[in-house]
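Novice: These protein sequence lines are chains F and H, in that order.
Be aware that the first sequence starts at 1, since it is given in our numbering, and climbs by one per residue.
Be aware that the second sequence starts at 1, since it is given in our numbering, and climbs by one per residue.
Hints are supplied without guarantee of correctness; some may be wrong.
[To be verified] Some chain F residues judged to face chain H by a derived CB distance under 10 Å, without partners named:
1) 18
2) 77
3) 295
4) 298
5) 306
6) 309
7) 328
[To be verified] Per label pair, the in silico range of CB-to-CB distance:
8) F:153 - H:149: 54 to 62 Å
9) F:15 - H:113: 50 to 58 Å
10) H:172 - F:310: 29 to 37 Å
11) F:339 - H:168: 46 to 54 Å
12) F:208 - H:128: 42 to 50 Å
I should point out that these hints are in silico values taken from the structure, not numbers from a laboratory.
The beta carbon of each residue, even a glycine, is placed where N, CA and C say it ideally should be.
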Amino acid sequence: MSEVASVRPPTDLRAALHRSPLPIALIDLDDVRILEANAAALRIIGLDPDDPLPGSLEEILSPEDRAASRAALSVLASGAVMAFESRRLLLGADGARFDAHLWVRSLRSIGLHAALVILAPYDGEDPVDLAGGAPATRLDLGGAVAVGSIDVEMRILSCSADVVEILGCGPEAVIGETLVSRVHPDDVGPLLLGVGRAVADEHGAAVHVRILTTADHYTGVRLVVNPIRGTTSPRLGFVMTAESTERGDDARIVDLERHLWRIALEVEAAGVTHGSRRVPDVGTIAGMEDLSPRQWEIVTRLLRGERVPDIARALFLSQSTVRNQLGAVYRKLGVHSQSELLALLQGRLDPA
Amino acid sequence: MTTHRSLHPSFGPGRPSLIFEPIVTLADGDVRAHEAIVATEAPVGFGLTRGGAFEYVLGKVAAHLARQARGAAVAFNVTLDQLLDERLPGLVGEIAERAGVEPHAFLFEIDATIAEIEPSAIRSAIERLHEDAWSVTLDRIDSARSPLQTLAALPVDMVKIDQRTIREAGRDRLETLTAVLTMARRLGIGTISAGISDLPELAAAIAHGYDLAQGPIFGEQVPAPRLRGEATGPAL
Numbered sequence: 001m002s003e004v005a006s007v008r009p010p011t012d013l014r015a016a017l018h019r020s021p022l023p024i025a026l027i028d029l030d031d032v033r034i035l036e037a038n039a040a041a042l043r044i045i046g047l048d049p050d051d052p053l054p055g056s057l058e059e060i061l062s063p064e065d066r067a068a069s070r071a072a073l074s075v076l077a078s079g080a081v082m083a084f085e086s087r088r089l090l091l092g093a094d095g096a097r098f099d100a101h102l103w104v105r106s107l108r109s110i111g112l113h114a115a116l117v118i119l120a121p122y123d124g125e126d127p128v129d130l131a132g133g134a135p136a137t138r139l140d141l142g143g144a145v146a147v148g149s150i151d152v153e154m155r156i157l158s159c160s161a162d163v164v165e166i167l168g169c170g171p172e173a174v175i176g177e178t179l180v181s182r183v184h185p186d187d188v189g190p191l192l193l194g195v196g197r198a199v200a201d202e203h204g205a206a207v208h209v210r211i212l213t214t215a216d217h218y219t220g221v222r223l224v225v226n227p228i229r230g231t232t233s234p235r236l237g238f239v240m241t242a243e244s245t246e247r248g249d250d251a252r253i254v255d256l257e258r259h260l261w262r263i264a265l266e267v268e269a270a271g272v273t274h275g276s277r278r279v280p281d282v283g284t285i286a287g288m289e290d291l292s293p294r295q296w297e298i299v300t301r302l303l304r305g306e307r308v309p310d311i312a313r314a315l316f317l318s319q320s321t322v323r324n325q326l327g328a329v330y331r332k333l334g335v336h337s338q339s340e341l342l343a344l345l346q347g348r349l350d351p352a
Numbered sequence: 001m002t003t004h005r006s007l008h009p010s011f012g013p014g015r016p017s018l019i020f021e022p023i024v025t026l027a028d029g030d031v032r033a034h035e036a037i038v039a040t041e042a043p044v045g046f047g048l049t050r051g052g053a054f055e056y057v058l059g060k061v062a063a064h065l066a067r068q069a070r071g072a073a074v075a076f077n078v079t080l081d082q083l084l085d086e087r088l089p090g091l092v093g094e095i096a097e098r099a100g101v102e103p104h105a106f107l108f109e110i111d112a113t114i115a116e117i118e119p120s121a122i123r124s125a126i127e128r129l130h131e132d133a134w135s136v137t138l139d140r141i142d143s144a145r146s147p148l149q150t151l152a153a154l155p156v157d158m159v160k161i162d163q164r165t166i167r168e169a170g171r172d173r174l175e176t177l178t179a180v181l182t183m184a185r186r187l188g189i190g191t192i193s194a195g196i197s198d199l200p201e202l203a204a205a206i207a208h209g210y211d212l213a214q215g216p217i218f219g220e221q222v223p224a225p226r227l228r229g230e231a232t233g234p235a236l
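Go ahead and model the full structure; you've got the sequences and the hints to work with.
Specialist: Given below as structure tokens:
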């Protein structure tokens with residue numbers, strides 16, 4: 001494993017991490033060593049920026065939560081999922097224990113066998129507001145990335161000031177408009193499909209569309225749309241990123257930094273830090289430790305809402321191979337059907 | 001089995017070269033996997049390599065995955081002897097773990113002509129691989145004497161049809177291969193169109209509803225050090 005042990009975050013990623021207002025740590029996905037943590041993250045666990053980093057993520061987890069975390073991280077390391085959320089009991093530097101919400105995102109899309117961990121102290125029923133303030137007044141994006149929200153009719157409800165870098169006009173000019181009116185007619189179909197999917201499956205969607213600027217020409221953007229949970233009226237958060245046409249080392253570094261920002265913004269746009277959705281913590285279910293890594297992968301995909309044909313396609317397997325593996329999972333967990341399995345994993349059924 | 005004329009000195013001067021051919025999703029043009037091929041001046045036969053070289057070559061593939069394409073999937077052919085060897089999944093898993101890559105990044109391929117030799121033993125070997133959900137592709141089903149019978153007899157995950165055979169096939173053979181595609185879909189088996197070299201063949205593959213495709217149109221086979229490269233063919 002010497003290849004993996006040498007994971008070193010690129011300098012630009014580290015710089016972006018330390019500039020982020022969100023409490024973020026970067027961990028190696030093989031041995032969960034903490035490779036980097038910003039001041040906001042250290043503050044949460046009671047450390048100063050000059051203090052040595054804890055050796056691994058496990059050191060800041062209470063012992064009873066370590067096995068479940070290891071299981072969930074192994075699924076992330078396998079590539080079966082890109083991110084997961086979990087509630088954990090953390091150990092502060094002074095030995096105090098406190099509840100926290102962890103949002104863990106793999107960085108394999110930028111070629112790192114590592115993950116970002118965003119730590120949010122969780123205080124009973126109250127959602128945590130790490131960000132504070134409205135996006136339009138708070139964000140300093142350092143690149144052409146705008147974040148905002150739309151209603152189900154795609155009317156723009158809010159938008160960060162950074163939109164000026166993409167469209168040439170400030171948020172006041174676009175709030176109240178419908179997103180469709182700014183999108184190239186040929187791209188309206190993909191946009192509607194993307195938003196429809198985001199609303200239907202609650203997993204969010206990304207679409208590439210051309211959008212009208214004040215210079216009266218269309219520019220390519222990537223739109224990531226996520227349902228915002230915990231609001232009284234249905235809303236979707238969006239992250240709009242200008243599509244870079246440049247290439248080369250400089251552009252790659254800029255892209256890398258934007259990637260980190262985008263991740264942080266996607267978290268906020270999805271409302272994770274405001275109204276965290278409870279994601280089943282499957283690592284705590286008895287019998288799960290008997291599943292092979294491949295069975296883990298199939299089960300986690302099922303939990304994400306993928307159907308057997310989707311799973312088969314993604315894993316280069318036939319549908320019958322996937323069904324046979326699911327049959328083995330049922331036997332190990334003492335359930336008899338996919339619906340019973342999902343009920344068990346989602347905490348709606350007691351283990352046999 | 002494809003061979004490559006211009007050898008790349010991956011293994012040293014005068015030795016065979018390891019190259020990768022992209023496998024592309026026809027629905028969106030994404031590169032889903034690569035096929036690892038050992039290129040020699042003469043056809044290499046069916047199987048990535050034979051004997052002790054197998055472990056060495058697979059180790060090379062795993063090392064490239066670990067360094068340059070963690071998360072990518074690589075398909076490779078195995079010989080009849082290798083497939084029937086009960087130690088095969090353990091050996092592949094061990095090589096993958098030694099390199100620090102996910103074992104199931106390796107996808108097994110068996111040639112349909114060898115699959116006809118001992119169908120019951122091959123069926124058992126595939127079932128053994130399926131115990132841990134390894135992926136098994138039936139390669140060049142177009143070369144089998146009885147493609148439909150072969151597909152029905154073996155519980156494979158994907159089936160590959162080579163366009164080069166279709167180019168030369170008579171009408172009866174084409175009808176049989178169309179029936180193979182229909183049967184594969186009904187069985188929930190993935191379909192790959194291999195050897196696509198021009199736009200009409202690509203259009204035909206899309207029209208026939210293949211899931212995946214590979215061949216010269218998606219760009220040159222890449223030597224191992226460039227495994228991360230994207231397909232350079234036309235946008236789909």
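Novice: Would you list, in rising numerical order, the hints stated earlier that this structure does not obey?
Specialist: 1, 5
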